[in-house]
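To convert, take the position in the sequence shown, counting from 1, and add 13; that gives the numbering used here.
Be a bit skeptical, because a hint or two may be false.
With a straight-line cut-off of 30 Å between C-alpha atoms, the simulated DSBU-like cross-links for lysine-lysine are [to be verified]:
no.	residue 1	residue 2
1	62	17
2	17	35
3	17	60
4	54	79
5	17	86
6	62	79
7	49	17
8	17	54
9	63	86
No lab work stands behind these hints, which were simulated from the structure alone.
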Amino acid sequence: MALKIQPLSDRVLVEPQEAETKTASGIYIPDSAKEKPQQGKVVAVGKGKKDHDMTVKVGDTVLYGKYAGNELKLDGKDYLIMREDDILAII
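When you get a sec, could you build the whole thing from the sequences and use the hints?
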């Protein structure tokens, strides 16, 4: 199902990945101690600014700052909409 949202300018719509529920050593992390995810998959991309093309594309997995973007809920799923400048790296 295609999303009915198109980010404007240099904005990117990201679907955050779920936070880890278990550490590498096998310890389960309770919901109250989980960190906000900082990694996600790009779902939609704007057209870019007049003098700057977009670097990220739909389907890229990206790292972003802990407090980057604005949270938004569409069709029961959580998303973040942020500027391309808020993205730190493509994985």
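- prompt: Does the structure break any of the earlier hints, and which numbers would those be?
  reply: 2
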